[in-house]
Amino acid sequence: MSILVNGDTRLLVQGITGREGEFHSTAMLEYGTSIVAGVTPGKGGQLALDGRVPVFDTVADAVAQTGANATCIFVPAAFAPDAMLEASDANIPLVICITEGVPALDMLRVYHLLRAKGTRLIGPNCPGLTSVDEAKVGIIPGNIHTRGPVGLVSRSGTLTYEVVQAMTDAGMGQTTTVGIGGDPIVGTSFVDILDMFNQDPETEAIVMIGEIGGEEEEKAAAFCAREVRKPMAAFIAGRTAPPGRRMGHAGAIISGGAGTAESKRMALEKAGIRVADSPSHIPQLLRDAGVR
Amino acid sequence: MQQEKAVKLQEYRSKEILARHGVPLLAGQIAATPEEARAAAADIGGPVVVKAQVLVGGRGKAGGVKLAATPDEAEQKAREIIGLDIKGTVVKTVLIAPAADIAHEYYLGLILDRASRAITVIASADGGVEIEETAKTNPTAILRLALHPLIGLQEHEVRRVGFFLGIPAGLRQDFAAVLRGLFNAFVSSDADLAEVNPLVVTDDGRLLALDAKIVLDDSALPRHPDLEEMRDLNEEAPSEIAAREAGISFIKLDGSIGCMVNGAGLAMTTMDLVKLAGGEPANFLDIGGGAKADRVAAAFKIILDDPNVKAILINIFGGITRGDEVARGIVEARSQLTRDVPMVVRIVGTNADEAKPILAEAQLITADSLDDAAAKAVAAAGGAA
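Each protein sequence line maps, in turn, to chains A and B. Using my numbering, the first residue of the first sequence is number 1, and each one after it goes up by one. Using my numbering, the first residue of the second sequence is number 1001, and each one after it goes up by one.
To be clear, the hints were calculated from the coordinates, so they are not data collected in a lab. All figures in this text were calculated on a predicted structure; none of them were measured in a lab. C-beta atoms are modelled at their ideal positions from N, C-alpha and C, and glycine is treated no differently. Honestly, I wouldn't trust all of these hints.
Stated by the list, open to error - Calculated cross-link-like contacts (lysine-lysine; reagent style DSBU-like; alpha-carbon spacing at most 35 Å):
1. 1136(B) / 270(A)
2. 1292(B) / 1136(B)
3. 43(A) / 219(A)
4. 270(A) / 1275(B)
To be verified - A few chain B residues that don't get close to chain A, going by computed Cβ distances all over 12 Å:
5. 1046
6. 1100
7. 1112
8. 1118
9. 1202
10. 1281
11. 1380
Work out the full structure: start from the sequences and follow the hints.
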C-alpha cells in the first residue's frame, strides 16, 4: 500500500510536448509510471515520447479515450490555473501541478472550485510524489528512493530529495514521498497527507519536512497530537533565515506568534514529534522511536 | 522565504492606485529636494505633512514624518528628512500632503490570508501605529472577516465592517466607497496586502485615507507591467536587483560563508547547518531549477561582491538541475573571478557521478554529505565564529 498513486494510476500529462514536460515524462515512464495520455491544445493526434503516448487537444478527450485517473501539469504559470480547472471539469480525481509562479489570487479561485468539486490537488509549485516502486509523478529523482515503511511529506523541493537520500543511505525505506508545494495557497496541506499516512496500513512511521512561514506546521502538530500514534520525526528549515520582511500590520495580526522556526519546533515537540537539527539525523530519530 | 518575493509599493504609489479606485484621500506631491518640497507646499497651500517615502516600518518614530505650517517650514523639514537614515534606508524622496485635523483614526486592511485561504478584512476602531499592540492586548477590538473567495466583497459585509468600526451615520456611504475601492484595488492589482492606516474622520467631518500601503504578489507582476514600473529599485540592494535579473533569489546576511544552493528549502537548510557547524552564513541564495553555467557565474559575482565572504559553500541536489553542468559552470566561472576564496562543493543527484572528475581536476574541496560540506566550509573560512 501507499497513498495517492500506485500501479493502478493511469497518468495524463498536461504540457507533455514542452521541454520540462517531455524530460520528466520520460523519467516517469522509465520509473514504471503508466502514462496513458498527454494533452497539448493544437497537437491532438500526435504521439509524444518517441511514439509511446497519444496526445489529445483537450483533457475531456484524453479521459474519454484512455481512462486517465490522475494528471500531472507542466504548463507555464499563465496557463496553469486553467489547466487545473480543465482537469477538474473532466472529472479527474487527482491533479498534481508542478508549475511554479502561479498568481495567488488565481489559486484562490482554483483552490475553492476544485475543493467544491472534490478534486484532490497537490501543489502548485511542488515536486510531485513517488509511491516507491509503484509510480512516480512529478520531478523527484526516482533513484533516491528505496521501498520501506516510512511516509514522507514536505513543503520543499530539493530539501525533500536531501531527506529521502539521507533515509535511503541509512537503509530506511519509504512508502510514498509527497511534496505539497511551497506557495501561499496549495491544494493539499500537511494535515491532509498526515491523515492519509495515518490510515495507510503499510506506513509505519512518518517524516514531515517544514519550513518557516505560515502556520501549517503548527496545525499539523495539533493534528498529530490528537490523531497520529505512529512514530514521527520532523525537520524545519530556516532557523537562521532573517525574519520575513513584515507584511504590514495585517500580516503581523494574522500570523500572531506563529511562523518562526522556534514556534514550529516547540509545537512539534509538544506533540511528541522528534525534531532533527540536520536532515541526516532523521533516520536515527526514527530508530530511537522504534522504527526498524 | 515566501514573503521575500512580495513587492512593496511606496505610500504615494499605493495612494495613486487607491485613488484610481475611488478611495478618498489627500494625494499630495512627491519631492526629491527641499526646494521641490517648498514649491509643492506652496502649490498645495496651508499646512502640509512632509513624509519620508521609505518601505521600512516605523518611519514616524524615526523622525521621517513632520508637520509644516508654511512652505518655508516644509523646505526646512524636507531638508531634515531627505538623507535621513531610517533603519538602514536613506530617504531619497518625501511626499508633501495636505495636513488634516484628525477627529478619529481607524485601521482598515485587506490581506490574502493563507490559513483561511481567503482575502480577509482586518479592521479596528483603534487606528494608528499601535494596532499590533491592540491585537495582542485586546483582540476583540479587531475584526477579521474572511471574504467569499468566489463572490468577493458583499454589501452586507461592507455594512458589518462599518458598524463594527462605529463609522458615523453620515459617513457610511463614504466608508462603503473606501472599503469597496480598497477591495477593487486589491483584486485588480493582484495584491498580497492593501492597508489604510490610518483611515480618519477629520474635524470637518470627512473620511480620508491618510496613509496607504500596497504589497503586490510577485508571481502576478508579469501581467501588470504598469505596476512593475512602480517598484522602487532605490530601496533594493544592488546585489538583490542583479540577482533578480539573473533569475536568482538572494538575500544578503552578515556572516562570512557564502552559500550557493538550488531550492529555497535546501538553501535555508544549508544556512542552518553552517550555523550548526559554528559558522555564519553570508547570504541566502537559491540558484533556481535547471541552473547552467551563466547563472552559476552570476551567483559567484553576487556572492563575492560581499567583502565579508571568506569561503563559499556550493550545495546542489540535482533533479531538474544536472550536476555535471553545474560543475562545469563552477570551474568555468572560477577562472574568470577577480577574487578567489576557498570553495567547498557538494553535488549529488542527477549526473553527480559525471560531476566528480570535473571537480577533482579543478582541485576543489568536495564533500559527500551536507553536514561534512558545512564543516569544511566553516574550516575553510577560518574556523568557528
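Here is what the structure says about each hint:
The straight-line distance between the Cα atoms of residue 1136(B) and residue 270(A) is roughly 23 Å, inside the 35 Å bound, and the hint therefore holds. Of the supplied pair hints, the one linking residue 1292(B) and residue 1136(B) is violated, its CA atoms being roughly 48 Å apart against a limit of 35 Å. Under the criterion of a C-alpha separation no larger than 35 Å, the hint pairing residue 43(A) with residue 219(A) is inconsistent with the structure, at around 44 Å. Our distance criterion of 35 Å between C-alpha atoms is met by residue 270(A) and residue 1275(B), whose separation comes to about 25 Å.
The Cβ of residue 1046(B) sits about 30 Å from the closest Cβ of chain A, beyond the 12 Å cut-off, so the non-interface label holds. The beta carbon of residue 1100(B) sits about 20 Å from the closest Cβ of chain A, which is more than 12 Å, so the claim that it is off the interface holds. Not every CB of chain A lies more than 12 Å from the CB of residue 1112(B), the least distance being 6 Å, so the non-interface label is violated. The Cβ of residue 1118(B) sits about 7 Å from the closest Cβ of chain A, inside the 12 Å cut-off, so the non-interface label is violated.
Remark: the non-interface label on residue 1202(B) is consistent with the geometry, its nearest Cβ contact in chain A lying 22 Å away (cut-off 12 Å). Not every CB of chain A lies more than 12 Å from the CB of residue 1281(B), the least distance being 6 Å, so the non-interface label is violated. Against chain A, the non-interface label of residue 1380(B) holds: every CB pair exceeds 12 Å, the least being about 19 Å.
In summary, the numbered hints that this structure violates are 2, 3, 7, 8 and 10.
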